[in-house]
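One letter stands for each residue in the lines below.
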Amino acid sequence: MSSTPIQFLIYVLPLPTCQKVPLILPINGCLEVQIGVPVTFQLFALNFCNKTIKITDIAITSVITGMSAGNLTTVTGNSSLYYRTLNWTPTSDQMDFQELCAVAVTR
Amino acid sequence: MYSGLLVLLCWFIIIQGKHFNGGTITWAPMDPYTNASLIGITLTQSYSWTYPYIKCSTNVPVSSGFGSTTLRCVVDCNTDGGYATKPISTVTDCISYSASLSMLSAERTNNLTLAKDAHFYLANLGTAWVSLNYPRVSDLEWSIVTFIDLRKRPDGFINTPPVVKIVSPQYVFVNTTMAIKIPVSDANAGDDVRCRWSVYTSGYRRRRRTADDEISRRQQSVLQFSQKYNQGRYRRDPAADECKDCTSTCKKDCKCDCDTCDTSVCVKDKCDVDVGCSITTTIISTAATTATTTATAIVSTTSEIIGTLKSTSSYPVRQAIDECGGICYPGSVPSTTSLSNCTLTFTGTKAGVWYGIALQVDFVIYIYISISYYIFAYI
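Top to bottom, those sequences are chains A and B. If you count by numbering that gives the first Met the number 0, then the first sequence holds residues 0 to 106, one letter each, in order. If you count by numbering that gives the first Met the number 0, then the second sequence holds residues 0 to 378, one letter each, in order.
No lab work stands behind these hints: they were computed from the structure. Just to be clear, a hint being listed does not mean it is correct.
[As the list claims (entries may be wrong)] Stretch by stretch, here's where chain B covers chain A in the computed footprint (C-beta under 8 Å, at least three residues):
id: 1; segment: 6–15
id: 2; segment: 54–67
id: 3; segment: 75–85
Virtual Cβ for every residue (Gly too), placed ideally from N, Cα, C.
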């Protein structure tokens with residue numbers, strides 16, 4: 000037998016004024032990368048609310064070891080689209096699937 | 000000076016608690032097929048904290064000016080494989096943070112060597128979550144318990160427990176039913192993984208109580224614990240010589256490993272009163288009015304235990320396993336909350352409220368795997 004614990008908190012937020020959930024792109028982002036070869040890619044978030052609501056963060060909630068993330072940046076000419084640039088050089092002990100989790104936050 | 004130091008210590012622990020958001024403890028054998036007498040394992044602790052109160056650096060939360068402790072063996076400690084001689088610190092290293100979500104993740108993997116066949120329960124014990132539930136309850140304890148078992152499985156190797164990861168806090172919207180999927184994985188092919196609510200399991204030689212009794216008993220325990228804190232009388236590290244006789248009688252500040260100790264008075268594995276932990280009137284008189292009924296109920300329970308004690312030690316006495324501290328289901332969540340297939344369905348009816356969720360991920364081994372193996376071998 001074994002038993003692994005997991006404990007976490009849930010915080011109840013008031014309903015947001017705009018309930019359209021932002022979209023994270025690419026949607027099914029499974030990237031093939033090579034050990035030792037630096038890779039750079041962008042994680043986009045698309046805002047469906049009007050201009051009073053903005054994307055305030057693309058939070059990386061579960062990071063891949065060795066990966067760095069740039070600041071939140073707007074796309075020139077499209078105020079609904081924001082992105083962060085991720086840099087990573089996979090190491091030999093990272094063979095197999097690696098998981099990255101991100102949350103787009105509007106406010 | 001001495002009392003001043005104690006008060007300072009309590010302050011530290013409580014403040015630390017307000018920023019602790021939960022986590023997981025998992026382990027894995029380095030070589031599941033080893034026959035060595037000493038077995039190397041990796042032990043990984045992952046915790047969530049509140050950013051920016053806890054800074055993103057190494058040695059969380061010590062680097063932010065808060066205290067730390069060690070993982071403690073809580074149950075089956077006579078088969079801890081030598082863990083007690085080299086306890087692991089609960090200090091971890093920041094791996095990511097988000098200012099907008101006020102969350103910080105910290106993790107550390109320690110290598111340790113234990114004797115073969117070791118099997119024991121290891122816990123991160125703490126004293127104060129952020130105020131939880133509605134109406135709010137402050138200073139609820141946490142107890143995150145992992146079961147380390149180096150005994151070989153029926154199919155011949157050491158199990159690698161499931162791994163579970165979820166960021167904390169999870170944000171949900173008021174009056175909206177949200178499904179929170181608990182991401183789990185298991186390294187052993189063919190093993191099935193199940194999620195269940197963490198529970199408080201009373202030790203051996205106790206009258207079996209109903210679930211409701213247990214819950215009220217836990218609340219009573221929490222109440223007494225916070226009262227001890229408020230009075231500044233709680234001591235974390237009693238002198239070892241005070242505890243010599245604790246296998247037969249239960250003294251104040253001793254480890255509760257004798258069967259006369261009642262865990263409703265012995266907070267965690269420490270007894271807060273003398274004389275075998277039998278309930279005294281002092282407890283009832285210091286408890287709040289709402290708690291008196293519960294305390295009285297314990298009195299009758301305790302006397303019943305003493306009347307039925309076994310005189311030999313042929314049955315091992317076992318500590319209670321507290322997997323959830325102050326956040327045991329169902330008292331810790333709205334009544335509509337349910338758990339199915341590692342997905343938590345949750346509806347919060349009041350904004351601005353925190354809830355604590357304590358789950359365990361168990362693996363289920365299918366016996367047919369070993370049966371089919373033997374058939375194959377004979378053919």
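Right, here's what the structure says about each hint:
| no. | hint | in the structure |
| --- | --- | --- |
| 1 | 6–15 | holds (count 10) |
| 2 | 54–67 | holds (count 8) |
| 3 | 75–85 | violated (count 0) |
The structure fails hint 3 only (numbered hints given earlier).
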